[in-house]
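Chemist: So the sequences go chain by chain: A and B. All residue numbers for the first sequence refer to the numbering used here, where the first residue is 1 and numbers rise by one. All residue numbers for the second sequence refer to the numbering used here, where the first residue is 147 and numbers rise by one.
Hints in this document: simulated from the structure, not taken from any laboratory. Certain hints may be false.
Unchecked claim - Pairwise CB distance ranges (calculated):
hint : chain 1 : residue 1 : chain 2 : residue 2 : range
1    : B       : 216       : A       : 89        : 43 to 51 Å
2    : A       : 115       : B       : 225       : 45 to 53 Å
3    : B       : 172       : A       : 146       : 46 to 54 Å
4    : B       : 210       : A       : 54        : 21 to 29 Å
5    : A       : 115       : B       : 201       : 28 to 36 Å
6    : A       : 52        : B       : 202       : 14 to 22 Å
7    : B       : 158       : A       : 46        : 22 to 30 Å
8    : A       : 134       : B       : 193       : 13 to 21 Å
9    : B       : 173       : A       : 54        : 32 to 40 Å
10   : A       : 134       : B       : 147       : 36 to 44 Å
Positions of the beta carbon are idealized from the N, C-alpha and C atoms, including for glycine.
The residues making up each chain are set out below.
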Amino acid sequence: MALKIPNALYNQLRRHGEASYPHECCGVLVGEFDEAGGKAVRGVVQCGNTRTDSPANRYRISPSELVRIQREALQAGFDIVGFYHSHPDHPAGWSATDLAEAHWTGCSYVITSVENGRAVQTNSFLLLDQEDAMHFEDEELDIIEQ
Amino acid sequence: MPIKVLISTPLRPYAGKQSVIDVTAKTVGEALSDPVTRHPDLRKHLFSDDGKLRSFVNVYLNDEDIRYLSKDATSVKETDPITIVPSVAGGI
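Isolated chain A (complex conformation):
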């Protein structure tokens, strides 16, 4: 299983990380699930980081933005398939905070490390299971050239 994302959208979410530096950026990945459990990203929706108390190391997407994005995605025949955020001057791996705050089982969580304002590494993690068994697994990021 992989998360397929067009190159332009991949670059868009990385640029968002650079533009938000030294703060964390965040956004929603809209697309489709396929029969095999893979996902294809059709759109990237930039969101504001509502953790204004600690934006350099925390992010939160406003639920009202999520509601709007989900409604519009469903109307367009798509779905929310994942989320992205950046780790300023920190590796592109999921943190204990990322796992503790993750609730969208089956969705992808894409993380970009941004060092000194430049996007470096981007990784995707698939959230699986529930409650105490909830965990992230590495997920292939399939960048599609267009």
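Once you've looked at the hints, dock chain B against the given chain A.
Modeler: Same frame as chain A, now just chain B:
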């Protein structure tokens, strides 16, 4: 005409894989009661053991969080979609 309850991706496995559930209700509480009665597994993902909405679960009536309206007692109309979304947050 029924009221539409929009179910987000992670909750669908507990709601018969449906993205939208049609209910008949006069309040948000009634509208949520219908799906969790039909799909008992959904209940524990929305509510804690004491019956309160879990802290990371957000229920919106149109574009308004029901926590800032009249919560379960909030009146609903047929044109008002109800959306259930878990929160999205994290960080280093």
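Chemist: For each hint, tell me whether it holds in the structure or not.
Modeler: Okay, the hints, checked on the actual structure:
1. Look at residue 216 of chain B against residue 89 of chain A: about 45 Å separates their beta carbons, and that is inside 43 to 51 Å.
2. About 49 Å separates the C-beta atoms of residue 115 of chain A and residue 225 of chain B, a value consistent with the hinted range of 45 to 53 Å.
3. A beta carbon spacing of about 50 Å between residue 172 of chain B and residue 146 of chain A agrees with the range 46 to 54 Å that was offered as a hint.
4. The hinted range of 21 to 29 Å is satisfied by residue 210 of chain B and residue 54 of chain A, whose Cβ atoms lie roughly 27 Å apart.
5. Separation of residue 115 of chain A from residue 201 of chain B is about 34 Å and conforms to the stated range, judged on CB atoms against 28 to 36 Å.
6. The hinted window of 14 to 22 Å between residue 52 of chain A and residue 202 of chain B holds, with their beta carbons roughly 20 Å apart.
7. Evaluation of the 22 to 30 Å hint for residue 158 of chain B and residue 46 of chain A yields a pass: the beta carbon distance comes to about 25 Å.
8. Range check, residue 134 of chain A to residue 193 of chain B: about 18 Å between beta-carbon atoms, so the 13 to 21 Å window is met.
9. At roughly 37 Å, the beta carbons of residue 173 of chain B and residue 54 of chain A sit within the given window of 32 to 40 Å.
10. Here the CB-CB span from residue 134 of chain A to residue 147 of chain B is close to 38 Å, well matched to the stated 36 to 44 Å.
Every hint, counting from the list given before, is met by this structure.
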